[in-house]
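Here is how the chains run, residue by residue.
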Amino acid sequence: AGTQLCNSLGVTEFVGTSVGDTIGLVIASVDPMLVDVMKLGKYRSIGIIGGRTGAGPQIMAVDDAVKATNTEVISIELPRDTKGGAGHGDLIYIGAEDVSDARRAVEIALASLPKYFGDVYGSEAGHLEFQYSARASQCLEKAFGSPLGKAFGMTCAGPAAIGTVLADVAVKAANVDVVCYSSPGNGGTSFSNEVILIFTGDSGAVRQAVRAARAVGLKLLGALGSEPKSTTHPYI
Amino acid sequence: AGTQLCNSLGVTEFVGTSVGDTIGLVIASVDPMLVDVMKLGKYRSIGIIGGRTGAGPQIMAVDDAVKATNTEVISIELPRDTKGGAGHGDLIYIGAEDVSDARRAVEIALASLPKYFGDVYGSEAGHLEFQYSARASQCLEKAFGSPLGKAFGMTCAGPAAIGTVLADVAVKAANVDVVCYSSPGNGGTSFSNEVILIFTGDSGAVRQAVRAARAVGLKLLGALGSEPKSTTHPYI
Amino acid sequence: AGTQLCNSLGVTEFVGTSVGDTIGLVIASVDPMLVDVMKLGKYRSIGIIGGRTGAGPQIMAVDDAVKATNTEVISIELPRDTKGGAGHGDLIYIGAEDVSDARRAVEIALASLPKYFGDVYGSEAGHLEFQYSARASQCLEKAFGSPLGKAFGMTCAGPAAIGTVLADVAVKAANVDVVCYSSPGNGGTSFSNEVILIFTGDSGAVRQAVRAARAVGLKLLGALGSEPKSTTHPYI
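Chains as they are written, first to last, in this note's numbering: chain G, -9 to 226; chain B, -9 to 226; chain E, -9 to 226.
FYI, nobody ran anything at the bench for these hints, they're computed from the structure.
Take these hints with a grain of salt, some might be off.
Pairs involving identical chains hold if they fit within one copy or between any two copies, as the list cannot separate such chains.
To be verified - Computed cross-link-like contacts, DMTMM-like style, restricted to lysine to aspartate or glutamate with a CA-CA straight-line distance of at most 25 Å:
{"no.": "1", "residue 1": "Lys162", "residue 2": "Asp21"}
{"no.": "2", "residue 1": "Lys57", "residue 2": "Glu114"}
{"no.": "3", "residue 1": "Lys73", "residue 2": "Glu114"}
{"no.": "4", "residue 1": "Lys73", "residue 2": "Glu217"}
{"no.": "5", "residue 1": "Lys132", "residue 2": "Glu217"}
Make the full structure from the sequences, and use the hints.
Listed below in structure tokens is the structure:
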């Protein structure tokens, strides 16, 4: 479950792989025939992060990557995936003036990914996901409308019913403001079996809200099956 | 595959679990910040039924529950799930003036669930689902537009091709009226690999139509793999 | 993984089965109550092809079938499926004046299917799909808008990130014209975890573009897990 950065494949686009069947790629100059259909705007050099499982972890990791490099998030798409699980995969395009910046952003994202899988917990019955950032950057703003530079919190669970209770627990646990709420038939989840709450506020309050929801989520998902396990190591 | 009602978890929202990785929950008073985004209307006390597999069984079980309690179905959402299978999961919110009514409705739904998984048949190739009610109540009306107080019949199969034939077999087998037809690209299935037919009519005719489709469905799904098995015990 | 044509089931609608949990069926005369909801237009006799895995292979196989018979494709629907994989299933209706024509078309499609699974490659991490036709017929036109009678090429991969690079590799490898590009949040994929490129041009150029993408795709998907394997035998 670690990150591999190497280029022994002989494919110039390849950067590396990481947790969640995630692959990192770059295209130095996207063919002109594809620029419009891919909605790349002004960019021709792009980094690509995509996985079978996740979305939250990859979005957090790319948020770190764009903070640290001269790049911008172009788009974030959320397929219905997780290899038979209740959630998403992801496809994120990162734009740069120079391909070396795109490559550096992809490397940073792949390296950050194991951290952000730390509060993704799974069992045979479903999964829980929690994310926290003291200071949201452009990827979190683009994905969820979370305010730039403010604290970011996320609670998520599948089956969705558990996610509903976690949303309520989080907002009651601390003085936070709701940024968005997504449910299977209510926009934003690509029909995944999840309820997702995004919130902001004082960073201490946001972290407290996330932790309160995590404590309840581990019990509720545990009631449906075995004890949920972290994918890597909890970080919040 | 039975129902568990207990509250040794120490989570006040927890009611119990049942077949299909289904969990039953209540929130005594949903936080005011969530009432609008959750589209709860006038309700603050809610019951929640959600599972990884199903939709039909949970909708039937909640239909029983709202008949028997002073509650109302607020919403029914259908994620694309079944843990790698061809169908749905579900997320149902039930509203009540008093949380004890919401809890009672959730308990009744969880207890009814094994019955309504009885005509859900599975194999490694796909699944069949049949439901029948002599008298549809508010959950069946809300989910499918089935007329209140009239008989309700449902045929469903994945892969969807089998569901198409079952729809035709059902309407030819008895004098029934089509309420709705859903297919993967035609609304109502969240891109599940199913064709679903809902019909009404005289209760004897509806049951006859369901049984005729069931006999054909078991043969067709059986042609793709092993003999389809009931999840619990057939009830129709 | 072969095709079975037989009718020992005692179900008149049954034609046979093939790769991808695909079943072939016919209805001699669809019940009048279903003709409108199924959007059959002028047809009453229909052939049905539907599977849990695929879409590309079944669309190619039906393209062959309508070329060879007096039939027309009515509709192509793409559920999100592949039994926990990253892609689609499919549901295709074929119309005919006479049920014997519909049955013949379904038989041809089932028999062609193993060929078109030949350039579908899978591993535990995802899949690759490549298709090529020197001369597109009505099913490819209806599914993708590919010009009738012209060469047809398709590259596809899940996770979608790999599909993005394959699209770029294909259009750079030869002088081809883009027909359509599909990504998870960009139309056409039912939220599958795939990027799909359809292109046309001189038949030699189209084949060259497909082969160049295939060579890269096998390396990139291989970087995420074990060596991807053909479902049957490569044909391009």
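Tested hints:
Taking CA atoms no more than 25 Å apart as the test, Lys162 paired with Asp21 passes between copies only; the shortest distance there is 7 Å, against 50 Å inside one copy. Taking the shortest Cα distances, Lys57 and Glu114 never come within 25 Å of each other, neither inside one copy (36 Å) nor across copies (33 Å). In this homomeric assembly, Lys73 and Glu114 come within 25 Å of each other (Cα to Cα) both inside a single copy, at 12 Å, and across copies, at 9 Å. Within a single copy, Lys73 and Glu217 get their C-alpha atoms as close as 20 Å, and across copies as close as 18 Å, so both meet the 25 Å cut-off.
Taking the closest pair of Cα atoms, Lys132 and Glu217 never come within 25 Å of each other, the shortest separation being 34 Å inside a single copy and 36 Å across copies.
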